[in-house]
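Here is what each chain is made of, one letter per residue.
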Amino acid sequence: MKDENVVLSDNSNKNIPGFAPPAHFPKPVYDFSGNTIDQKKFRLGRMLFYDPILSLDSCISCGTCHQQSVAFTHLNHTVSHGINGLPGSRNSPTLANLAWSPQLMWDGGIPNLEIQPLAPIENHVEMGDKLPNVLRKLNRHPLYSTRFKEAFQKDSIDSQQMLKALAQFMVMLVSGNSKYDHYLQGKATLSNDELEGLKIVKEKCASCHAGELFTDFAYHNIGLDSNILDISDLGRETVTKRKQDRRKFKTPSLRNMAVTKPYMHDGRTNDLKTCIKNHGEFDSPNLDSQLKKYIGTGIAISDEECMKVNAFINTLTDPTLLTDTLFSLRTTDFLPYSTKPAKHCDYVH
Amino acid sequence: MKKFLLYSWMFLAIAACKKKADEPNPANTIIDPETGQKIKIGNIKLEFEHVVGNAAFQINTDFLNSSGETFQVSTLRYYISNVKLKKPDGSFTVIPKTYHLVNAVRNNANLNASPIITIPNVPEGNYSGISFLIGVDSVQTESGAQTGDLSPDLGMLWVWEGYSPLEFIGKSAASKSSDKSFSYQIFGYKEPYNASQIISCDFGTSLLMAKQNAAPIVHFKVDILEFFQTPKTISIANLSSTVTKANETNKMLSENYKDMFRFEHIHN
Numbered sequence: 001m002k003d004e005n006v007v008l009s010d011n012s013n014k015n016i017p018g019f020a021p022p023a024h025f026p027k028p029v030y031d032f033s034g035n036t037i038d039q040k041k042f043r044l045g046r047m048l049f050y051d052p053i054l055s056l057d058s059c060i061s062c063g064t065c066h067q068q069s070v071a072f073t074h075l076n077h078t079v080s081h082g083i084n085g086l087p088g089s090r091n092s093p094t095l096a097n098l099a100w101s102p103q104l105m106w107d108g109g110i111p112n113l114e115i116q117p118l119a120p121i122e123n124h125v126e127m128g129d130k131l132p133n134v135l136r137k138l139n140r141h142p143l144y145s146t147r148f149k150e151a152f153q154k155d156s157i158d159s160q161q162m163l164k165a166l167a168q169f170m171v172m173l174v175s176g177n178s179k180y181d182h183y184l185q186g187k188a189t190l191s192n193d194e195l196e197g198l199k200i201v202k203e204k205c206a207s208c209h210a211g212e213l214f215t216d217f218a219y220h221n222i223g224l225d226s227n228i229l230d231i232s233d234l235g236r237e238t239v240t241k242r243k244q245d246r247r248k249f250k251t252p253s254l255r256n257m258a259v260t261k262p263y264m265h266d267g268r269t270n271d272l273k274t275c276i277k278n279h280g281e282f283d284s285p286n287l288d289s290q291l292k293k294y295i296g297t298g299i300a301i302s303d304e305e306c307m308k309v310n311a312f313i314n315t316l317t318d319p320t321l322l323t324d325t326l327f328s329l330r331t332t333d334f335l336p337y338s339t340k341p342a343k344h345c346d347y348v349h
Numbered sequence: 001m002k003k004f005l006l007y008s009w010m011f012l013a014i015a016a017c018k019k020k021a022d023e024p025n026p027a028n029t030i031i032d033p034e035t036g037q038k039i040k041i042g043n044i045k046l047e048f049e050h051v052v053g054n055a056a057f058q059i060n061t062d063f064l065n066s067s068g069e070t071f072q073v074s075t076l077r078y079y080i081s082n083v084k085l086k087k088p089d090g091s092f093t094v095i096p097k098t099y100h101l102v103n104a105v106r107n108n109a110n111l112n113a114s115p116i117i118t119i120p121n122v123p124e125g126n127y128s129g130i131s132f133l134i135g136v137d138s139v140q141t142e143s144g145a146q147t148g149d150l151s152p153d154l155g156m157l158w159v160w161e162g163y164s165p166l167e168f169i170g171k172s173a174a175s176k177s178s179d180k181s182f183s184y185q186i187f188g189y190k191e192p193y194n195a196s197q198i199i200s201c202d203f204g205t206s207l208l209m210a211k212q213n214a215a216p217i218v219h220f221k222v223d224i225l226e227f228f229q230t231p232k233t234i235s236i237a238n239l240s241s242t243v244t245k246a247n248e249t250n251k252m253l254s255e256n257y258k259d260m261f262r263f264e265h266i267h268n
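Protein chains in written order, with my numbering: chain F, 1 to 349; chain P, 1 to 268.
Among the hints, a few may not be true.
[Said to hold, decoys possible] Cross-link-like lysine-lysine pairs, in silico, DSBU-like; alpha carbons within 35 Å at most:
(1) Lys176/P to Lys243/F
(2) Lys176/P to Lys154/F
(3) Lys258/P to Lys190/P
(4) Lys27/F to Lys340/F
[Stated by the list, open to error] Not the full set, but computed from the structure, chain F residues with beta-carbon under 7 Å of chain P:
(5) Ile37
(6) Pro111
(7) Asn112
(8) Glu114
(9) Ile115
(10) Ala119
(11) Asn123
(12) Gly128
(13) Leu131
(14) Pro132
(15) Gln160
(16) Leu163
(17) Lys164
(18) Lys241
(19) Pro252
[Stated by the list, open to error] Some chain F residues close to chain P (C-beta under 8 Å, calculated; not the full set):
(20) Asp31
(21) Gly34
(22) Asp38
(23) Ile110
(24) Leu118
(25) Leu135
(26) Ser159
(27) Gly186
Calculated from the structure, these hints are not laboratory results.
It should be emphasised that the depicted structure is a prediction, and the values quoted were computed from it without experimental measurement.
Even glycine gets a Cβ: it sits at the ideal position worked out from N, Cα and C.
Sequences and hints are given; from them, build the entire structure.
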C-alpha cells in the first residue's frame, strides 16, 4: 500500500482530516485501496455507529458500548451489556488505532475490520438483529437511502456499503496526539517521573506493549488465573483450536489506558496498579515465558515504580480522540430526525 | 515464476470483478504475464445436475439414505471457486478467481433445473481435466466486506468462522430435533479443521475446448446420497445438526461431500 492512498485527497477540508497519523506510527495494515477515505462515506459511518437502528429493538448502538469520552470503551462496565440488558462475556475494548490491528477481538477471532460489525449486530446479547432486517430498515429510511446513494452511487444499500462506511469511521479513530506524542515530536517535555515511567515500560513491558502503539498485536497468557482449565473463555484457543493457546488474549495498547477502566479481557479490575502487578501471578503451561520469573509474586515492580509507570500512562491520554466532535454523535447528521432514545430504551445505561 | 504467475492472475481477477462478474470479457483477450503476448480468452460453463443415487433430485421429496432413513431436502447450497484447468501436458492453468454460490434449489419458476455457472477469462485451448474448491479460500475470506455471491446477506458467512463451504438442510422423521429438521451448515476455512475441499477430475478421453465466443459446458453430477456415506456413514438420527464452529464433525462431513461431485461429460 502506498502512503498516498491513505491521505485524503482534499486535505483542505477541515471537517474530515486526511488519514495522516503521526510520522512515528508504523504503516497501517488496513487496506485503504478498497475503501478510499471520503467525507460522505465517513459521515455515513459515523451515523451508523451512533444509530440504534442497527439493533433489533432500536435501543443499542455501537456507541452504547464504545463511548468516545472513555476512548470508545464501555464506561464502568466489567463486561458490556447489550440488548435487553443482557451481559456479554468480555470487556469492551478501545477502538483507537484499529487501522493497525491485524485481527480483531480479544482472541483475534475476526480477521478483517470491515466484517467485524456483523458480530455485534447479530449477537443476541449485543444488538440481536439479523443482517437482512437491518438492511431493510436502512433502505426504508429516507435519510439513509439518500445519503448512501450520494456516497456510493448505487440504487440500494447493501451490506458491503454499510460495512465499508462503518470501517471508514473506525479507521479514522487514530490516537496519536497525546502529550507523549508531543514529546516525541519535540513539542512537549515529560516530567522526571514520567520519563522514569517510560524507561520502566521500555524495560519491563515493551516486549508485549511494544512500539509506539504499545502493543505487539499478539496473544499472551499473562497468568491471571490459578486454574486456566476451569474457565469457559478459552481465549486464543477458540480461534486456533490449539491447547497451547488457551487463555491467551491480545495485548491491549497502553494508550488512553488512564480512562479505560475496568481492565483486562473480563474487566476484572478497576485499579491500574493491581492490574499491572497481576501479570505473571499464576503459573500454567501457557504462561508467557517472559513472565515465568514472576510466578507467585506478579510482575516485579515496586509501588514507586508503579506510580511512575502510572504517571507515564497518563501522558498517553489523547484529548483529540476523547473530545474531537469529528468522532462524536452529531444530532445534525440526523436532521430532521431526532436522536432521542425511545421510552422503551430506558434500560440502556 | 510460478508465484509471479499466480499474482498476475489475481490482479486479472480483480480487474475482471469490476465488470459484471459473468459477462464475457469484451476485449476477449488478456496479456500473458509470462510472455507479454496477447492471448485469446473465452468462457466455460459448469453445470451441476443434482441427483439422489439413481433418481433425479427434487426438493421436498422423500429419498432414502444409506442408513435407511427417509429425508427431504429444502436447501442445498455450496461455493465453487479457485478453478484450475489441466492441459494435456499435465500442467495447470489457474483461472482468475471467481466465487459462485451454487443453489441446488434455484428459483420458484424452475425449482429443480440444474444450476449452471459461467467461468470467464479462460485462455483458449484444449483441457483434459479440472479442479476447483468447494468453499472460499482464506485470502478472500479475510479480505474485507464482499458483495455478489460472497455478500454476507446470503447467510453463508459467520464472521468468526468464515464462509460456509456447503449448507444442507431438510426434514427427516429420523431427526432428533423437535421440528424433525436436519441442518448441516458446514464451517471451517483454515487448518486444523479446514472444511473446504478441492475437487479434481480428469475428463478421460474428452477434451474441453475453450474458445473466444464459445461457452463449452462441463457437466457434473452431484449425488446428494454421498453426503451420508463414504468415507463415514452419517445417520440423521445420530447427527441432526452441526454447530457454527470449525471442528472435527464439520471436517468429517466435508470429507463426505468431497465425493458428491462426479464428472459426467462435456458439451463443446
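Going down the list of hints, with the structure as the test:
Of the supplied pair hints, the one linking Lys176/P and Lys243/F holds, its CA atoms being roughly 32 Å apart against a limit of 35 Å. Between Lys176/P and Lys154/F the CA atoms are separated by roughly 45 Å; this puts the pair beyond 35 Å, and the hint is violated. Between Lys258/P and Lys190/P the alpha-carbon distance is near 16 Å, which keeps this suggested pair within the 35 Å criterion. Distance check on the hinted pair: Lys27/F and Lys340/F sit about 39 Å apart at the alpha-carbon level, beyond 35 Å; violated.
At about 15 Å, the closest approach between the beta carbon of Ile37/F and any beta carbon in chain P exceeds 7 Å, and the interface hint on this residue is violated. A hinted interface residue such as Pro111/F counts as satisfied when its beta carbon comes closer than 7 Å to some beta carbon of chain P; here the least separation is about 4 Å, so the hint holds. Interface restraint check: Asn112/F against chain P, minimum CB-CB distance 5 Å, threshold 7 Å, status holds. Of the supplied interface hints, the one on Glu114/F holds, with its beta-carbon coming within about 4 Å of a beta-carbon of chain P, less than 7 Å.
Interface hint status for Ile115/F: upheld, as the beta-carbon distance to the closest one in chain P is roughly 5 Å, under 7 Å. A cut of 7 Å between beta carbons decides the hint on Ala119/F: the least distance to chain P is about 5 Å, and the hint holds. For Asn123/F, the suggested interface contact is broken, since its CB lies about 10 Å from the closest CB of chain P, more than 7 Å. A least Cβ separation of about 15 Å between Gly128/F and chain P goes past the 7 Å threshold, and the interface hint is therefore violated.
At a threshold of 7 Å, the smallest CB-CB gap from Leu131/F to chain P is about 6 Å, leaving the interface hint in force. Interface restraint check: Pro132/F against chain P, minimum CB-CB distance 6 Å, threshold 7 Å, status holds. This hint holds: Gln160/F has a C-beta 4 Å from the nearest C-beta of chain P, less than the 7 Å allowed. Residue-level restraint check for Leu163/F holds (minimum Cβ-Cβ distance to chain P is 4 Å; threshold 7 Å).
Because the beta carbon of Lys164/F sits about 6 Å from the nearest beta carbon in chain P, less than 7 Å, this interface hint is met. For Lys241/F, the shortest C-beta to C-beta distance to chain P is roughly 6 Å, which falls under 7 Å, so the interface hint holds. Taking 7 Å as the C-beta cut-off, the interface hint given for Pro252/F is violated, the closest approach to chain P being about 20 Å. For Asp31/F, the shortest C-beta to C-beta distance to chain P is roughly 7 Å, which falls under 8 Å, so the interface hint holds.
With a cut of 8 Å, the hint placing Gly34/F at the interface with chain P holds, because the nearest CB-to-CB distance is about 6 Å. Contact between Asp38/F and chain P, as hinted, is not supported at the beta carbon level, the nearest pair being about 15 Å apart and thus beyond 8 Å. Interface restraint check for Ile110/F: the shortest CB-CB distance to chain P comes to about 5 Å, inside 8 Å, so the restraint holds. Residue-level restraint check for Leu118/F holds (minimum Cβ-Cβ distance to chain P is 5 Å; threshold 8 Å).
The beta carbon of Leu135/F comes within 6 Å of a beta carbon in chain P, closer than 8 Å, and the hint placing it at the interface holds. With a least beta-carbon distance of about 5 Å to chain P, the hint placing Ser159/F at the interface is held under the 8 Å criterion. Interface hint status for Gly186/F: violated, as the beta-carbon distance to the closest one in chain P is roughly 37 Å, over 8 Å.
In this structure, the earlier hints numbered 2, 4, 5, 11, 12, 19, 22 and 27 are contradicted, and the remaining ones agree with it.
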